[in-house]
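One line per chain: the protein sequences are E and C, in this order.
So for the first sequence, the numbering used here puts the first residue at 1; every next one is plus one.
So for the second sequence, the numbering used here puts the first residue at 1; every next one is plus one.
Quick caveat, the hints were computed from the structure, so don't treat them as lab data.
Be aware that one or more of the hints could be misleading.
No distinction is drawn between identical chains; accordingly, a pair holds when it is met within one copy or between any pair of copies.
Unchecked claim - Under the rule of at most 35 Å between Cα atoms (straight-line distance), these lysine-lysine pairs were calculated in the DSBU-like manner:
#1 K216 <-> K261
#2 K257 <-> K211
#3 K211 <-> K238
#4 K25 <-> K261
For reference, the chains in residue letters:
There are 2 protein chains.
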Amino acid sequence: MEEKLIYSGKSKNVYEITSGRYSGKYRLVFKDDATGYFENGKAVFDPGYDTVVGQIPGKGAIACRFATHFFKLLQEHGIPSHYIDTVSDNEMIVEPALPLGIPADSPEFPGSAPLQNLEFTWRNNATGSFWRRYPFVRPCRNIHKVVEAWTKGDTDILITFEALEETGAMTRAEIDYSVELVKKIAEIVTSEFGSKGLHVLDGKFELGRLKYGDRKIVIIDEISPDVVRVCRGYAPDKDGNCTIYKDCTVTNFAEGKRTIKNRNQVKAADFISVFL
Amino acid sequence: MEEKLIYSGKSKNVYEITSGRYSGKYRLVFKDDATGYFENGKAVFDPGYDTVVGQIPGKGAIACRFATHFFKLLQEHGIPSHYIDTVSDNEMIVEPALPLGIPADSPEFPGSAPLQNLEFTWRNNATGSFWRRYPFVRPCRNIHKVVEAWTKGDTDILITFEALEETGAMTRAEIDYSVELVKKIAEIVTSEFGSKGLHVLDGKFELGRLKYGDRKIVIIDEISPDVVRVCRGYAPDKDGNCTIYKDCTVTNFAEGKRTIKNRNQVKAADFISVFL
Chain E
1 MEEKLIYSGK SKNVYEITSG RYSGKYRLVF KDDATGYFEN GKAVFDPGYD
51 TVVGQIPGKG AIACRFATHF FKLLQEHGIP SHYIDTVSDN EMIVEPALPL
101 GIPADSPEFP GSAPLQNLEF TWRNNATGSF WRRYPFVRPC RNIHKVVEAW
151 TKGDTDILIT FEALEETGAM TRAEIDYSVE LVKKIAEIVT SEFGSKGLHV
201 LDGKFELGRL KYGDRKIVII DEISPDVVRV CRGYAPDKDG NCTIYKDCTV
251 TNFAEGKRTI KNRNQVKAAD FISVFL
Chain C
1 MEEKLIYSGK SKNVYEITSG RYSGKYRLVF KDDATGYFEN GKAVFDPGYD
51 TVVGQIPGKG AIACRFATHF FKLLQEHGIP SHYIDTVSDN EMIVEPALPL
101 GIPADSPEFP GSAPLQNLEF TWRNNATGSF WRRYPFVRPC RNIHKVVEAW
151 TKGDTDILIT FEALEETGAM TRAEIDYSVE LVKKIAEIVT SEFGSKGLHV
201 LDGKFELGRL KYGDRKIVII DEISPDVVRV CRGYAPDKDG NCTIYKDCTV
251 TNFAEGKRTI KNRNQVKAAD FISVFL
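The following block holds chain E by itself, in its conformation from the complex (with noise of 0.2 Å):
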């Protein structure tokens, strides 16, 4: 296959197939270099650092593997992805598809910088970065999978959808029907987890428009370990809200800043093996 790289990230690098059965679509190569630190000049991998520091045999074909298993569930069900098919371990052959950016209005005034990117949170529980913004609220209350929108930028930044809306980035009509999907595919995942005795917290999916065709709104970027945070032990009342909050729900006060974790929280690299 002729092709050209057009994006190189951490993870996967993403080439256009320019010849052959798939012309004109992206094919996603799944990399195994993975991200950490160095400690005495040994890396440590830690995917809460952004530097790659080393490879992990493997890594790559496991993660094609997870992305491919949700996105043949999210087929099943009828919810449009970018998805076409996987071609070998490592390597997914996906539609062209742009992210929910527009550029800056006004260019010329130092600041202005295009909107790159929209990503929308989900929550099945008052956690993480929710309860730290809202600390009235209850540890892991059920919140009903609430969506948020975020600005991706020099920093990700709350946007409301009315705001969204006035910025002229998706009109109203495109914004239902994305925190619809949102939902709809947060609904699949948490019940997937569930049919393994693990439930989702939270998760973050980005969307975009396919490049071709009807430009409808699909998931992009595949759904990785990395997007969803994970329990075990998940125990509602009648209404949802988990009743082991005490046990398990660690808060912290200090300098002005909170943090909250979940003891019964699992690591990416504890669930990955689930589905595979």
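On the provided structure of chain E, position chain C as indicated by the hints.
Below, chain C alone, put in the same frame as chain E:
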């Protein structure tokens, strides 16, 4: 009038009236205290500061007349507020009302905190923190009085209406009612300034629930020159986007921080007398 002090702030004291015609109501006494800073041992008044550095004789009376003007204007338009009467140069009688707060749901967790109040911002044009947060927008684009809610605590934090509902702080019906109320008041305030050749860029209101009776949600706290940002020379196109933004708006970007100001903005001190 017998009464007890229930709140003492920088700009006013609030007393509960315990006898007489207005028994059970609150009396607001607007103060002459003024905030600012000290320079070479001399007080410099500046409403941007939070420390009281001296008094400006007549300041309380002017604030009281300004607020009275707008509460009466709202009354004429049938908009509910806590306002009852103005009984002297610097004294107002109001219905007792409670802020839109809720106690911390799980106070046993370190860092948990009550929701003290909600503040509602509304914007005719994209400037201030809206542009700083969403710098892909053209400065002073018409954003149709878009309303955003902010939780008041250690810091002001944006909360979407969907999240607000999920926290249990307000019902969806209360949120919809509040947004419409804020927009109606914004329209009246904008139009009143417009009649004096001034344009309101944006503003913020605090709402509350009346303490007695039907516990209706009303505007509480007074409309003061500090809750609106005002300019002169607004020149909208047919869509309401200001056309002179290239001459008026000045932005900067340094060390990751954006600033934005509008040359035609009018300081509070320079428009407070317009309605007296």
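Tested hints:
For a Cα distance limit of 35 Å, the shortest separation of K216 from K261 qualifies neither inside one copy, at 37 Å, nor across copies, at 39 Å. When the C-alpha separation of K257 and K211 is checked against a cutoff of 35 Å, the pair qualifies only between copies, where the shortest distance is 34 Å, while the shortest distance within a copy is 42 Å. Proximity of K211 and K238 under a CA criterion of 35 Å is satisfied inter-copy only: 33 Å between copies versus 44 Å inside one chain copy. In the homo-oligomer, the alpha carbons of K25 and K261 never lie at most 35 Å apart, since the shortest distance is 41 Å inside one protomer and 46 Å across protomers.
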